[in-house]
Structures are given as structure tokens and as C-alpha cells.
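In the order they appear, the protein sequences are chains F and Y. Each residue of the first sequence is one higher than the one before, starting from 1 at the first, in the numbering used here. Each residue of the second sequence is one higher than the one before, starting from 1001 at the first, in the numbering used here.
None of these hints come from the bench; they were simulated from the model. Backbone N, C-alpha and C fix where the C-beta goes; we use that ideal spot for every residue, glycine too. Be careful, since some hints might not be right.
[As the list claims (entries may be wrong)] Each computed BS3-like pair below joins lysine-lysine, with the alpha-carbon atoms no more than 30 Å apart:
| id | chain 1 | residue 1 | chain 2 | residue 2 |
| --- | --- | --- | --- | --- |
| 1 | F | K48 | Y | K1085 |
| 2 | F | K291 | F | K171 |
| 3 | F | K274 | F | K20 |
| 4 | Y | K1149 | F | K48 |
| 5 | Y | K1085 | F | K20 |
| 6 | Y | K1023 | F | K87 |
| 7 | Y | K1085 | F | K256 |
| 8 | F | K89 | Y | K1149 |
| 9 | Y | K1023 | F | K20 |
| 10 | F | K239 | F | K338 |
| 11 | F | K171 | F | K20 |
| 12 | F | K338 | F | K168 |
| 13 | F | K87 | Y | K1157 |
| 14 | F | K322 | F | K291 |
| 15 | F | K319 | F | K171 |
| 16 | F | K291 | F | K239 |
| 17 | Y | K1085 | F | K274 |
| 18 | F | K341 | F | K319 |
| 19 | F | K374 | Y | K1023 |
| 20 | F | K288 | F | K171 |
| 21 | F | K374 | F | K288 |
| 22 | F | K274 | F | K247 |
| 23 | F | K185 | Y | K1085 |
| 24 | Y | K1023 | F | K291 |
| 25 | F | K48 | F | K20 |
| 26 | Y | K1117 | F | K48 |
| 27 | Y | K1023 | F | K274 |
| 28 | F | K274 | F | K341 |
| 29 | Y | K1023 | F | K71 |
| 30 | F | K89 | Y | K1157 |
| 31 | Y | K1157 | F | K274 |
[Claimed, not checked] Just some of the chain Y residues that point at chain F, by a computed CB distance under 8 Å:
| id | residue |
| --- | --- |
| 32 | N1097 |
| 33 | D1123 |
| 34 | I1124 |
| 35 | S1126 |
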Amino acid sequence: MGMTMTEKIIASHAGLEAVKPGQLVTARVDKIMAHDITGPPAFNELRKHSLESYVEPGRIALVLDHIVPPKDIDSTLNCMAVRDFAKEKGIEHFYDIGQGGIAHNVLPEEGLVIPGDLVIGADSHTCTYGALGCFSTGMGHTDIAAAMVLGETWLRVPESMLFTYNGKLGKYVSGKDMILATIGKISVNGADYKAMEFVGSAIDALPMEQRFTMTNMVIECGGKNGLMRVDQRTREYVKARTNREHKEYVSDDDVKYESYHEFDASAIEPLVAKPFSPDNVSPVSDVKDVKVDQVFIGSCTNGWLDDLRQASYILEGEKLAKGLRLIVIPATMGIYKKALKEGILDAFIEAGGVVSPSTCGPCPGLHQGVMGPKEVGLFTTNRNFRGRTGHPDAEIYLASPYTAAATAIMGTITDPREV
Amino acid sequence: MRFEGDIFRYGANIDTDVIIPGKFLVTTDPRRLAPHCMEGLDPDFSRRVRPGDMLFVEENFGCGSSREHAPISIKACGVSCVVAKSFARIFFRNAINIGLPILVCPDAVDCAASGSKGKVDTDIGSIDVDGKVFSANPFPEFITNIISKGGLMGYVKSRIGDHTSP
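Same shape as in the complex, but just chain Y (with noise of 0.2 Å):
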């Protein structure tokens, strides 16, 4: 997949309670949750966010709580993929098996400011900011076998399917 947008950048241990918080979780529906992304950092983010956009982060993007909650709003307010120096366990597992694209890049995080042009292809784990290229750190087969797949639930319908059809 290829994605062209405005970068919006954010700094360390960014936890989930403040990309989306405790209040949202009785609701998993996108369209519910997508106005309040980011609302406990940055009131606004969800009113200048574009279809595209993407979020440059540092380490440890989405530590504390194992709210699915939170990868589902920053995928339904728009945002194309979010490039960290490094994430948190569980936030890597849910935005991995819910299909929004993220990459780990130190040094594109590094060279991003708010406001820079981001382009990334996640087929070649090429990240471009204001005309600088980046690769980014390959994912172990496994990964990519899900990612391929839509998801982890498209992988857990392809390891059905080798034994038997409901």
C-alpha cells in the first residue's frame, strides 16, 4: 500500500488512555470513537486530521491499557499509518491484527517535524519525509503472513480452512 500525507508528530510512551479515553470503550464502532482520537494529547487532532495524514511518534507509542479502542480510532479518523522509533507490545499485536499499517523508523521519526510531507510504501518499507527516504525495520514472515492475510482473523480463516469449513 502506498499513503501521501501531512505528518503529525508526537513524542514518547504516548498511552492509550490518551488516545482514546476510558470513557469511549463502551462503543467499538469506528465512526463513535474517531472524533475523540488523540483527545487526552491533542484536543484538535481529530478536527485537522485529512484521510492520509500520518502520525510520527517516538518510542514505546501506545503503552498501558489493551484497548483495541485505540488503533481503531487513529485508523477511523483517517490516518493512514503511523511510523514509531518503537511500539508498545500490545498496541504492535492489535494494529497489526486490525490492519492499520505501521512501521518502525528511528530516524524517519527523527527527521519528521508537525507539518512535513510524508509518503510511505508498506510493500517496501520505503518512508519518504520532505524528499528524504528511509527503510524501515523488516517484520519476521509471520507478521507479514497476517498483514497479507487483512488481518489476524483472515489468518485464523486460512488455518480453518486447512482442516475443515464450518
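Chain F on its own, in the form it takes in the complex (with noise of 0.2 Å):
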């Protein structure tokens, strides 16, 4: 019997013929990725057991994003710990403040991550990068640092489940809701230990950048990796950001998926996950006259040049709702340019919004945004459990670009095909 994508890709690591769901393997990682609040932990790590020496600089990535700029003394003391180790070990692939922005976004944008590559990062949305056909997966700090040392890290071979989805999706419908309809469906344990493979016409047809939210949230389900085949609309992506060769693989036609599950695109209407819980999904005709007090659009899930494209078009020329607010967080610098460049964030000005530099910010309840008791916000996010973004009070819908914008506009919960 063949192999699956993300099985070929174990394989090729552990320098092994095949592989199959269950084996513990030891494989080799092409980039290992830290931010500021897990950077800081593992080199503690290193440096508690006498293992810094150990480090090979060339395979490690350093964003600072999750408080940046920094809020308080104990946040500036976590930038400078990652800047002080990045300037010691001499790491090339380290993203300062105004250099970088969140993560997730910035490998694949510079050409870090690419097709065939095993990745592993301290942040469980590390499975974004698997859009590109790679096998990515978060783990914590303590993992990490031992990769720093090793080179390598333990793996256990996961299952695959295979997604396919066929026909076009309707207008003012994203990959966030063909996600949100997944992760709805198998419920937030649904892929747990497992790959999710993604495949169909409706995926073909996706944008890269939408391919990244889907795998992005492969998590909020359980998911160890998820990915896509590489077609030309990869290829032409990771070509014109960096030299270096990548690989590409292919699950095998004789191969037995784990689970199979089918959806029709063009049956996908705009879709929320209501509180609290990103399985909890309903229509947003269900939800829509839930009042709203803070609209999000951005984050690692949705803080692409696409969605703020989607979302200054529905915005333009309009004005915020009474009472609500709008904030927009490019997930780059590089993306907040060309945002920029192109006057979408004009858009959101004028109707009323704030502008955020890049960072994770109100997504984790971290800053720039974050909620107060029984405040209702809708946001373009990943997660919306009790807590997470503020007071265990505050309550949080996920839901795409557009459908952020045409509820800023409302004040109410809005299906963007009624704006």
C-alpha cells in the first residue's frame, strides 16, 4: 500500500523508505520557529542544562510577535531576551520589531518555509505553513530547545484523514468559512493526533493566502499538520521569494485514508463559530441580530493582504456602526505596505477603524484590544474560547473578512451578501 503525503515527508526525514501511522520516528526539522513568549522559555532551557553551544543557528526563524510593540516591563524583557540570543548565536532568520510581524505569516512570505520541508514551531499555529506541502506542527518551548540542540525531533507518524471539497464557492464566501464548516462538522477533537489532508476543485481555485487559513486552523480540531498538494499556484508563491530547491510529494493513489469527508463549496454560506468553542458553528442568518461592540479583522488566520482586500471592499465609503469598533492588524509589515501602498487601510480609517501594527494582540487577549466583561466581539480569528481574548465574560464569533466588515458596518452580526 502507498504512502500519504505527510507519511512521505516523515519518511524522507527520518531517512527512512516508509513509514506508517503509529511509528515513533526521530526526523530531521528544516526550521524550527520561536516567538516572544516561547523564545524566552526555551532558552532558559538551553541554558539550565549547558546546551546553548549546542545550537545550529542556520535552521532557527525568531519572530517577535505576540506583544509587539512591547506593553510593560515584562514584555520588553521578553523582546530583548530573543534579540540578545539571536545576536549571540549569530541567527540570520531573527524579525524585529517593524522587520517582521506575526510568524506564521512571515516564514512563508520570506521564503522560509517551503514545499517537502518538516517544520516545527513553539506555537501551535505553526500548522499554518502546510498549505505550502509541507509538514508543519507546533509543539511547546521545551520541544523546541531540544530541536535547537538535536537537529531533529520525535515524531509519531500521524493518520490521515483526506477533506475534499468540489465546486465553486458563492460570492462573499472564503476559505475561513470552508474551515469553519470543516472544524464545525468533525467538532474540536475531530482530527486529534492526525494529519488533514486538503484536496478538490473548490481548493484548487483558493488563493494561497486562503490556503493558510485553512490550515492554520487544522489545530482547532485536534489536528497534528494539515496540508495541500503544490500546484502552480504554490510553485509560482515560494519561487518568488526564495532560490532554494524544494520537493514535492504526492499521496499515492492506492492510498487508504483514515477517514474521508466530502463537501459541496458552492452549498458553503458565510458561517460563524459562536462562543465557546470554534466548533460551535451556525449560518450567520442564525446569529444576526447578536449586537456587537468590537469587530477584529487580523491575526495568523486572517491578517493577509486578501482579507483586508475583502474587507476594505465592503467597507469602502461606509461608515462604523453607532457605538462599534474596528481594529485592522496587518499580519506583516510587509502586508501593512503594500495595504498601505494600495489605500485599502484608507478604507478603514475612514469609516472610523484604528490601524494596529503588526502583532498576535487582541487575538490571545494579550493587547491592542482586549475584551471586558460581556462585551460581544467578531472576530477574524482562531479561537474563541472562554477567556481568551479578555474576560471570561466577553464573548467572541469567528468569522471571515467579510463578514467582519459588513457587521462593522451593521452593528449586528451581518451576512456580507446582504451589504
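Make the complex out of the two chains shown on their own, each in a separate frame, by following the hints.
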């Protein structure tokens, strides 16, 4: 029997001809990511065990993204620790404030992750990069510290689930709605420990950035990694960013997946995940009377240029609903600059919104728009667990940039097709 | 290791945001994290928990964010071990890596209620809930090897020691 993409990438990095689900292997890693929250404790582990001198700088990427610019002395100390470590170890791929943005958008944009790679990062949304046809997964900071020393990590080869999306997406429906539909169907633990492989004509038709939105959220159903096959769109995206040779892996025709899930893309409508779980999914029409205090467009999920374009298309020439706040955070400074040039940011500011520098910010409740008790938010982010964005009694709905923009104008959760 | 204590019983899909909210992530100092452990789910938890007490939880414990602050805070407030129906993948690795004892045993969880008395022997994987004894699912040898080295960094040191010394 053949192997899946995930199995082939793991086998090639473990120096094995073949692997099968459930097998424990030690695999070479191509890239290791840490940020301002997870980098400093990883460095502390290295120091505590006198292992700092073994660190190989070439495969490490360090990005300041969670609390930048820092909001207090603790967060400043974290940024300083990452900056010092990067300098000390001569780490080339270090992105300071103003140079990078959110790690999961910076790494693909900078060409640091490419098809066929095996990537780990000290952040659960490291699974984002799989849209490029690589294996990537999130871990804690101790695992990352160990990989910095050994250049490898232990993995349990995951079972693979196949998700097929055929048909054409409707107007104002995006990759975000596709992945919400998926999480809603299989639940927050529906893919625990498993690989999620996405195929079908609707995936082929998705722009690269919306593909990232889908693989970004595989962790929301417990997925270990999510990935897509390499096509012309992937090749062009990668070629524009790096000369490094990439490898393309395709699942064999005779592969037997752990399970098969089919979606008619033309039937997917604008969706929301209601409080307090990403799998609590409903059509926007079911919650259309819910009044919203704050709309946030940004995060590693939906802070891409494409997302800002979609939202600004709806907000252009409009004003925010009375009493509603809009916070927009381009995911990287590269996206910020392009959006500025295209005049996209004007639409948000003229409408009465605020545009913040690239950071994770309010998504994990850190700064730049933390939610208060009983406040209702509509966020384009990835999680709406209780207390995630601030106060435990704040209620967050997750949705697409189109839905976020429509909601910002109307003040209640609004189907973008009706604006 | 052997532990004895009161059981705190919680449900399924408990995410790391409720175990330790984002606002506390600026530090990994166990003393600063401990008072906020489980704050999003059970605000009084850190005041009621006593050294040796145990968490008995259902499926997918520790889902969501990769923050290692979650198992660090659990360990720091005195919890001796976590018995679950299943663990989310990253939490599982993090707990093993920092030496927080975890066991998988759905039957023991079903039998437990908050306030039940627990006795756990991690060496043989036995779990006693109010006098009823259960056996935990054994871990693969590779994992028990990491545990026996005191966590992942101990394992890394032993691997490095195979080649050369710093």
C-alpha cells in the first residue's frame, strides 16, 4: 500500500524508505520557529542544561510577534531576551519589531518554509505552513529547545484524513468559511493527533493566502498538521520568495485514509463559530440580531493582504455602526506596506477604525483591544475559548473578513451578501 | 512515583486558554503562574487545591494553544498528576517534557467525582479511586525513556553525552 504526503515527508526526514501511522520516528527538522513568548523559556532550558553551545543557528527563525511593540516591562524583557539570543548565536532569520510581523505569515512570505520541508514551531498555529505542501506542526518551548540542539524531533506518524471540497464557492464566501464548516462538522477533537489533507477543485481555486487560513485552523479540531498538494499557484508563490530547491510530495493513488470527508463548496454559506468553541458553528443568518461591540480583522488566520482587500471592499466609503469599534491589524509589515500603497488602510480609517502595527494583539487577549466583561466581539481569528481575548465573560464570534466588515457597518452580525 | 490526594474532576475539551489565560504568558515563573491555574474554568481552584491533589478530566485535555505555561501552572499549584480519557497532542508532549505525571485511563475518570480520594502509582500505572483500582494505558518505551531521564532536556543531555561533552 502507498503512502500519504505526510508519511512521505516524515519518512524522508527520518531517513526511512517508508513509515506507517502510529510509528514513532526521529525526524530531521528544516526549520524551527520561536517567538517572544516561547523563545525566552526555550533559551532558559538550554542555559539551565548547559546546551547553548550546541545550537545550530541556520535552521532557527525567531520572530517578535505576540506583544509588540511591548506593552510593559515583562514583555520588553521577553523581546530583549530574543534579540540578545539572536545576536549571540548569529541567527540570520530574526525579525525585530517593524521588520516582520506575525510569525506564521512572516515565514511563508520570507520564503523560509517551502514544499517538502519539515517544520516545527513553539506555537500551536505552526500548522499554517502546510498549505505549501510541507509538514509543519506546533509544540511547546521545551520541544523546540531540544530540536535547536539535536536538529531533530520525535514524531508519532499520524493517521491521515482526506477532506475533499468540490464545486465553486459563492460570492462573499471564503476559505475561512470552508474551514469553519469543516471544524463544525468534525468538532474540536475530530482530528486529534491526525493529519488533515485538503483536496478538490475548490481548494485548487483558492488563492494561496486563503489556503493558509484553512491549514492555520487544523489545530482547532486537534489536527497535528494540515496540508495541500503543490500546484502552479504554490510554485509561483515560493519561486517569488526563495531560490531554495523544494520537493513535491503527492499521496499515492492506492492510499487508504483513516476517514473521508466531502464538502460541496457551492453550498457553504458565510459562517460563524459562536462562543465558546471554534466548533460551535452556525450560518451567519442564525445569529443576525447579535449586537457587536468590537470587530477585529487580523491575526495569523486572517491578517493576510487578501483578507484586508476583502474587508476594505465592503467598508469602502462606509462608516462604522454607532458604538462599534473596529481594529485592523495587517499580519506582517510587508502586508502593511502593500495595503498602505493600495489605499486599503484608508477605507478602515475613514470608516472610523484603527489600524495597529503587526502583532498577535487581541487574538490571545494580550494587548491592542483586549475584551471586557459581557462585551461581544466578532473576530477573524481562530479561537473563541472562554477568556481567550480578555475577560472570561466576553463573547467572541469567529468569522471571515467579509462578514467582519459587513458587521462593522451594521453593528449586528451581518451576512456580507446582504450589504 | 506514588501520589495520594483529593480528586478535582472536570469535563472534556478543556483548553489551555482556561488553564492559564494569555495575560499571564509574559512569564514562565511557576510561582507567578500557580495562583492563576484553571482560573478561566474554576476561579477558586488554586486556593482549594492541596499538594498531592489530582486532576481527573475527560477527552482532549489541554487543547488549543501550545503554551507550556499550562502544565507548568498545574504542576506549580501542587497537582501531583493528571488522569484523562485523552490528552491533546501538544499538552501531552509538554507534560512529559517538564515531568508532570500524566496517565490515560477512561474507566478511572468515569468512576471519579470531585472530592473522591485518589491513589496513583505511576511506576506500575495503577490508579485507585475511592478503593476501586484501575490500570492506566501504558506509554510506548520511547516516552517512558524520556520520563526516566526527568523530562526531555535530560534525554537531550544523554543523547549529546553519547557524542561529546560541552
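Quiz prompt | Hints breached by this structure | solution = 1, 3, 9, 11, 16, 22, 25, 26, 28, 31, 33, 34 and 35
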